[in-house]
Structures are given as C-alpha cells and as structure tokens.
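Asker: Listed below are the residues making up each chain.
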Amino acid sequence: MKKIKILTIITGAILTAQLSHGESKLTGLDVIKKVYYRPVGKDMKSTLTMKLIGSSGSVRVRKIRQFSRDFGRVEKKIMFFISPADVKNTSFMNWSYDRPSKSDDQWIYLPAIKKVKRISSDSKSDYFMGSDFTYDDLGDRHPNMDTHKIIREETFEGENCYVVESRPKDKDYMYSKTISWVIKGKWIGLQKKFYDEDGNYLKVLKVKSYKKIKGYRIVVHSEMKNVQKNHTTEMILQNVRINSGVSSRKFTERMMRRGL
Amino acid sequence: MIKTAATFTSLLLIFATGYINAEPVAINGYARNYSGILFHSNNYGIVQNTFDLTFTQKTESAGLKANPYVRKNEIDETSQLDIREVYLDMFFDFMDIRAGKQQIIWGKADGVFITDVVSPRDLSEFILPDFTEIRMGITALKIDLYIGEQTIEVAAVPIFTPVKMPDTDSIWYPKFNFLPEIPGNPSFDYSKKDVEKKLKNGEIFAKYSILSSIADIEIMGGYMWDDEPSLHVEKNIDPITHQLLSVTVSPQHHRLTLAGGSFSATIDPFVIRGEAAYYQGKYFNSTDASLEDGLVKKNYLHYLAGADFTLWDIKISGQFIQKIIFGYNDYIVNPEYSGMATILLKRDFINETLHLEFFAYYDFDQDDALVRPTVSYDLTDGFEIILGANIFIGDRGIFGQYSDNSMIYSKVKYSF
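Sequence lines, in order, name chains A and B.
Just so we're on the same page, the numbering used here is the position in the first sequence counted from 1, plus 180.
Just so we're on the same page, the numbering used here is the position in the second sequence counted from 1, plus 10.
Any given hint could be a false lead.
Stated by the list, open to error - Going by beta-carbon spacing under 7 Å, a handful of chain B positions derived as facing chain A:
id: 1; residue: N38
id: 2; residue: T142
id: 3; residue: P279
Stated by the list, open to error - According to the in silico footprint, chain B covers these stretches of chain A (three or more CB under 8 Å from chain B):
id: 4; stretch: 256–269
id: 5; stretch: 275–289
id: 6; stretch: 308–316
Derived by calculation from the structure, the hints in this document are not laboratory data.
Beta carbons: idealized from backbone N, C-alpha and C, even for Gly.
Looking at chain B on its own, in the form it has when it is part of the complex (with noise of 0.2 Å):
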C-alpha cells in the first residue's frame, strides 16, 4: 500500500506540476517571537522564536502547498526544522484529490478532539500551541466527491503517525498515577512502541457531510490506530516474598474503530453544535492485580454539546463533554463518567484592533481547570502583540498536574 500511495503520489506530481507551472507561487508567512514565564519558580517556561512559510501556487484544475517553518526553542537549545504540510490537489467537476502531508481537520467541536482524529496532534507542549500548530500533518491520499451540498470524503492515510508525546524531561511530560508504588521510578520498554510501515498497517477513514440551510452534518467512520499508546505495564514480583520489585512500562498503539458525527444548525440567537463518537477497542489501565499488563480493553462513547452567541457585543461559546466507559468495573482507573466543559468569552474593541478572548476548560471529575486569558492588539495590519496567561487550577488530573507551569506569556507576530 506504501508503495502503491507512493508513485500514485509521483504521478499526481508529475500529472498536477505540467497543469500548474506556469502560475506564480504566491508565499505568505510568518515570523513571532513567543516568551514565557513560570509563576511557580520565575524561571522562562519558554523562550522560542518561529519562522513559518507557506508556498501555494493554484490554477483551476491543480494546486500545491508546502508549509515549511523552523523552530529555535532557547530553553533547551534545540531547533526544529519540519514541514508542516506539502500536498498537491487535483480538481474536477465534481470530485477534488489531494496527495502528501496534509493536515485533516473534522468536527464541529472547539479545542476538543472527538471527531477529529484522523491528524493526531503534537502534544510536545500540551494543548497550548495555536490550533493550527497542534495537529501534525499526515501522509495521505484524500479524495473528496461532490452531490449538490452533500460531500463524501475518504481519506487513506498508508503511514501510522502517532500522537507526538513530550520528552521525558518536559514539564509537560504527564504524570502517571494509576503506577503501583514501588521504590523507585518505572523503567521503560520502548521497543513496542512503533507500528510497523507495512501496508497492512493503514489506516482508513470516510466521512458524509451536507451544509444546507437547515443544519451542517457530518456521519464519519475510521478504522484507525489509537493516536496515544496504551501502557502495558509489567510487575517483577519476588516469587518467595510476593513483594512487587519494579515495573516496567511498555508504550504499544492498539486498533481502534470509530463511527461519529456532527451537527450545527441556528436557532436564533443561538448556533447550537454536537458531536459525538463511538469507539470500539480502546485499553484502560486497570489496578486489577489479576490482569498481566495491567490493561483492559473497552468500548466508549465521547459527546459534546454546545451553544455559540452574542451577549452586549461579546462572543459567547460554552460547550460540555463527557466520556462514558461501558462495561466499566471499579479497577478501570478512568472514571466510567467523566466531565468536561469549556467556556469562550470573547470581544473586539477599537475598530477590532484590540481583542479580548477568555477560554477556560473546566474538569469535573478532578475539579481542575485552566484559564486562558489574552489580550491581543493589531499595532499594524499583519503586526500582532499578544499578552496571556496559561493558568493551571487544581493539584491533579489533566489540568491541575501542571499546577507548576502556570505561567505569563508574551507572542510578538509579523504576517506576510
């Protein structure tokens, strides 16, 4: 499948290059400087400079993409030059083809991944990034086709990518509270962790969408790898004295199916979004001393609900999710119910030069949260100054492990 995707892929270049050249290649970008600082220690949480282009060239019948950037972090000391996505797009009457690195991005849900998983994401400084830097692009062979409104999609996707963790030295590696206490730290088996690149290692994904003047839906599908591993983990217990000696834990992705969609429709004032998934296959870790690897696989559903309006000129968006574990029992360590909800406030002052945003989740279960603040000026058209917080409330859970990284930040950006 690899090799068939790849010459498919030589071909549309060859194929879509000869219908493109002679446009100019239009290049736009950006440049910004993103510092922060640690409220905890006082310490630069990150100090990094960015440098992002985009080059596209685009005729009726063809177009390309390459997204190149480069990344200088000064913490660390450590640079990143990647592209983002590259691509070329085939385009009929009725039917668009796109083949390369490409970004895919499903679902109505904001900042919540339910749907929206066919490009995993980049969790190398947790959820903070811009949107459009989270996600990481992925090889694939999309093909669109087009009835009126309607919109079928599949994407094959040849090459499992999968979720980009933090390094262990990060602050934002997470922290692992389901481990059994023993002296010491756990060691770690990686040798598992990668899926093969072999053809029968794909994955595959298919999405229905229709926007008409009654509501926007999307009915997706994917049989997929799930995007994080899963972590087996192995208990040397001293078989005289029945005392457990050390752990290992083993990062292995499984299979996962899903079948989901979602809707938004207006009912004034109010423009009202769901979104739901189902998905078959996933393994929890579990304390139930019974099971070898301390893993138990079922089948869950993830929902959202959702409200956008406008109140005295100000943006108003607030969401709830929940996940529900079925055939759950006491040792799963996630709870079988679990709560989420995101809040948006957002308003432009000053002929929308001056922009005020608040975006807070808020976790139930473990009644942490964060908070996120920013205030935004336009100095000039393209030239951006922005001053937030990361602001991280709770002692556990999703949020509030990162209780220490709560931190103030600066974005200085230039757009061409």
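One chain only, chain A, in its complex shape (with noise of 0.2 Å):
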C-alpha cells in the first residue's frame, strides 16, 4: 500500500541508520516519496477539528471521527461527520488502491436522502468540505505526477530541512509549482508554499506541531492559509489511535448508513 508499504515492519532505529546513509545521494523524488510513505501505522481512528477562518475573523467548525486501515492492495477510510448540525450522520468512505491505473471508489450517505451514492474520484483539485485543503493537498497526490528538485537545504524553525520544488508533469493542474521544506530523518513536510496556475503565490501549508505515537511520526495540527483570500483553515487531529484494531466490517455500506 502506497503510505506503508514493508516498511511499516521495520522498526525505528533501523529506519532511521538506513535513511542516515543514503540521504547524501538523495533526489528531490526521493526525499517527496520518503515523505509520501513515511509510515503511520496500519490502521488510525482519530478525531478531526477543521476550523474555516474567514477573512472577517468569522469562525466555522467541522468535526469529523474517521477511521483508516491499509488491506495490502487497498487502503480503505471511512469518516462520520459530526458537525455542524446540517451535515450530521453525513459519512464519507475512501477505498484508495496501489495499483497506479485505478482511481479510488468513493461513496457518500447522505441521512437527507437516505442513500450510499457513488461518487467521482475525478476531482483531486475539488476543496474537501469547504475548506483551503484540495484532496490532493491531504495527501493523496502521488509523487510521480509531479518533477522534484531539491533547490537547497536549510534550517527552518530550528529543523534541518531540504526545501524542494515541484512542478506538475500535467500543465493544466491547479498549482503551477509547490515548494516544501522537508525536516531531514524525520521525513515530515514542515511548510509548503502553493503558487497558482499564473505562478503568483496562493496559499501556504504549515505544519503546527506533531507527535510520536506508537513510533509513528503523525502531524496533529496543521495550518492552511490562502493568502489571496485571507482565508484560513486549522486542523486538529485528536483522540489518535494507531494499530488498535479498527475491523474491516467498519469500511462498509453498513457502517456507512449505521453511523457512529
């Protein structure tokens, strides 16, 4: 599975001597892809906060409970929208597949109409439920659609980092490139900074913090900013559980109109 992969047996401190050695030699597609399958374990429940914070100070809150578990060929996720009120009992369910040619299965039950419906994957570029995160920006963009090239290496905010940029193999994507400073060993992406299709600067990501569980490095509070529309949206992982047991009967038709 794309995030993984064998990688999720080795432990730690092997990982980290393994990375050590070959860093020197490193690409810019190498230091995205260890970023891309930087492990999280093999499956996650957690909860997530989205706020919208628009460019009048106006405050909205998202809440979201979500579950994820990697099946080999097929990395499966469900999330159960708990707010606002409007889109209660609403749940999303992601079946996503290593194979390259296969685009993900998505479905959405809507309690309104009572109905799982199938539902595009198509829209990568598509803002996920109001906010400055494409689904490509969480994370499901897959290296190889983009060039890497490691532009220089610096300290930012105390971490030694590779600051790369990309540009997408396809010339009408949404961002004409993307810069990202990657904390070296740790292989987490602290900042990116978006530019537009014109190439004017669009919207920065920053990392907030993140933290080691079960010997999984997992970012538990990010910062999107869209600086052309002074619109901002913070999110927060919370309650994160990783290699507890989520069931496979929870990536389900049942799940999905059961609900939390």
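Reconstruct the complex from the two isolated chains, following the hints.
Answerer: Right, dumping it as structure tokens:
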C-alpha cells in the first residue's frame, strides 16, 4: 500500500540508520517519496476538527470522526461527520488502490436522502468541505505526478530541512509549482508553499505540531492559509489511536448508514 | 400478521430498551420558514412553518430513533403534528433488525421513483418538498443480513400505506383528462379506497445488494399494493337515449408485483447509473367504451440511465427515464412509450457557503417541464437561506397542468 508498504515492519531505529546512510544521494523525488511513504501504522482512528477562518475573522467548525486501515492492495478510509448539525450523520468512504491505473472508489451517505451514492474521485482539485485543502493537499497526490528538485538545504524553525520545488507534469494542474520544507530524517513536510496557475503565490501550509504515537510520527496540528483570499483552515487531530485493530467491517455500506 | 408484528415490535422495544437506556439521547432538528408567491396571481402559494426534531440513542448492540414534527400551514390555517419515523434497531454480528415506522429508500435514481417504491410518497404538495419529506414512513419489520460486502434485505410491511394525494381543493390536485366529457363534474365514491388492515393485505419486499470496487448493484422484488389508486370510472347512461348522464369515479388500490434492479459504476470521469423495474398487473385508464370500469390491466417496464460528472467545477447529473406499456392498445390513456429527462447542475462558491443549483424535469410526450433553480447561502453553521423558483412549463401533462402554480419562494432554516 502506498503509504505504509513493507517499511511498516521495520523498527524506527533501523529505518533512521538506513535513511542517514543514503541521504547524501537523495534526489528531490526521493525526498518527496519518503514523505509520501512515511509509515503511519496499519490502522488509525482519530477525531478531526477543522476550523475555517474567514477574512473577517468569522469561524466555522467541522468535526469528523475518521477511521483508516491498510489492507495491502487497498487502503480504506471512512469519515463520519459529527458537526455542524446540518451535515451530521453524513459519511464518506474512500478506497484507495496501490495500482496507479486504478482510481479511488468513493461513496457518500447523505442522511437527508438516505442513500449511499457512488461519487467520482476524478476531482482531486476539489476543496474538502469548504476548507483551504484540496483532496490532493490532504496527501493523495502521488509523487510521480510531479517533477521534484532540491533547490537548497536550510534550517527552518530549528529543523534541518530539504527545500524541494515540485512542478506538475500535467501543465493544466491547478498549481504551477509547490515548494516544500522537509525535515531531514523525520520526513515531515514542515511547510509548503503553493503557486497558482499564473505563478502567483496562492497559499501556505504550516505544520504546527506533530507527535510520535506508537513509534509513528503523526502531524496533529496544521494550518493552511490562502493568502489571496485571506482565508485560513486549521486542522487539529485528536484522540489518535494507531494499530488499535480497526475492524474490516468498519469500511462497509452498513457502517456508512449506521454512523457512529 | 398485524398482531404478530405488533407483539414482535413490543418485544423488541422492551429488549432493545434494556440494552440502550444507559446511553444519552442525542437531540437534533431544525426550524424552517417556507414562503412562496405564485407568479400567475401574485398570491401566496405557500406560507409554512416547520419544527422538526430527531431523537437518537445508540449503542453497539441497539438503537432507537424518533422523528416527530409539527407543521403549520398559514394559508389554509391547518396544522400537522406527526411522526415521520419511530423505530428500534438491534445490531448483531451479521444481521440488523429494524422494527417500527421507517422510511425505506432503494435504488440509484435521483428524483425519480422506479425501484424506490417501499415507502409511499406524500404528494400533497406535488413533488416539491425536500426528498426526506416527500417519503412517508411505513410500519415495517426490516431484516438486513450481511455477507462481506453483500447485503440481503427483507422488509415486511403489515399495513398498507397509500400515496398521500392533495386535497380536492388544493392547487396541487391533479387534472383527470381521461374522463368522458359530461355536463358538470364527476362525482367521487371513496367507499372502496381503503385496503383493509388484514394479514393477507400485507406487503413484502426483498433486495440483494453488493458494493464493490467494480460496481454497486441492487436486485429487488416486491409483492405490494399500487401506491396510487386506480380510478374506476362508472358511467351512468340513459337506457333510452344512450346519453351519458353522469360519471362516478371510484379510487381503488390493486395488487402489483415487481422485479427490478439498479447499478452504479465509475468510468472516469463519469459515474454511470441505471435502474429498471418490471411491474406486473398495473391498471391503466382506457377510453374503450366496452370496458365496464374504464380500466385495463397491463404490465410495464420503467427504466432509467444516467451519468454524473464534473466540468469546470460544476457538478452535472443527467438522467433519461422511459416507461413502456406491454400489450398496448390505442384506447389506453397513457402513451405506449413515455420518456422523461432530468438535469442537475450544481456549483459551490465562497468555501462552500454559497450554492447555485439548477434542476429540471422534461417530459418528452407532453412537451412540459418543471424547472427548479435555487441559490442558497450558509449564513453561519446550520443557518441556511434559500431563494428558489418552481417554474412549470407547458399547458398539460404531469408538469404543464400546474402552469398556474409557478412560484418564487424563500426558505430560512436553522439546524441544531
């Protein structure tokens, strides 16, 4: 599976030693792949709080309970919307495949119409629930879809970082380029700047904090600011449980309808 | 069957309550004002206030839901206090049981009812209410069996609930164009309208479904009553002059058997959908003078093909629907082939706080249509303002008959 792979079974100490040995030869693609494939456990459950902060300072809050599990060739994720009230009990399920040619399967359950609807996963550029994150921004964009170049190495917020510039192979993509600050050895993108199709600075993603949970580094607080709209989205992950044994039955139509 | 079902429901109530009484009850709901003005007369078409509550309580093994609502119609000064759903759930490893008043919704179609026939519709405001309000709850015992991604669902409905028609003085009361021309209006005899609440008059539905990476498929069948009453037309003819003196219309429900299915699959960038049902034993109105009651029994096919995709951030959904009557003759009032299409365009703006939507039905046979543009804005979380219009185009047909009822409306809704 794309994010977990065989690396999951390797201990953190061995992993760090291997990475340190090969770091001098790293390319931009290597760095981004290490971020993409950074182990996050076989399964995870957590509560996600999104704060959408408008230019006037108005705040809208979305709360989601989410579960994910790696099944080898497919990674399954299910999200249950807790608030606001008008979307409560809506659920969303995504099956993501390791075959690059196979698109994700996605379903949404809308309690108002009491139906599970299959939806197209084609729009990776769509914004997630009115936030400043697109589905690609949330980690679904495969490294092979861009060309990557290390443009410098620098200390950023006290961490030694690679600064990697990524340009899309598809010239019609919504970003003309992104620049990422990746912490050496930890493979967490500490900051990422996005430039729109015209090359103008569009938004910036900052990791506010990350935690080591059961040996895995998990980003628990991040912030995306759209500088053109002056709109910000904070994402806060709470109640994170890794490898707690999320049942395969969680990722079914039955659970989408039943809810939490 | 009714007594058995009632006893079983009571047992489930007692049993399930024992499981769940330690959990807190979640209370959600909404308050809504809905006001509309008719284009034709500049009069109010609707002024309605609704308060809708949902109580839920759930554990790993059981749950309950109750959804009472109160609605006040200010135009005719009527109030409605009712329960849309009240049911109990029991969850087992590979099975769920739901007993009580519930909405059961099947199929893949949007805004069209092909295999989605278990819960009848409330047509007192035609098909204009929100989809959750247009379907009526029915008392049923529903059992779901799960085998991996497959589900077998059986719903036993001991008491038949017909479609709710508009009152005869309502602006939504349909026009009956098939009645013979006589002086004055036809009289109605409602004495045979109700289906007796007996064991033998229950309905049974079953569905097999699978959700997979290739496609989502449903196969269903049902032994039911026709939700819409057949209109038996009795003609009173002068035996000497052979002139038509009067017409009495007697609505009656008849048994229907149906089998059908639906599917949806992704073929990037499209999600394609299909749904079909074969109905056996439907009574159609006929102008054949030799028929005693103006009805003829036929079978028909109702199917749909549709696709959803996104273009320039606009979510687009189109559907083509057709009905085909088998063993057709020219006396039948309905056409042998009747076609309809729907189109939905939707786009969100300002971080999904402003929504523009355009939904339309078009009836190929009568060249009539219903066009429903809306703009909605989320003032704050849960507080929504909607401005919209229902525009009926044509002068006859299912939509054209309401050409005087085109309206512009507003809805203000607060969800909590």
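Asker: Checked against the structure, which of the hints given earlier come out wrong?
Answerer: The structure breaks none of the hints.
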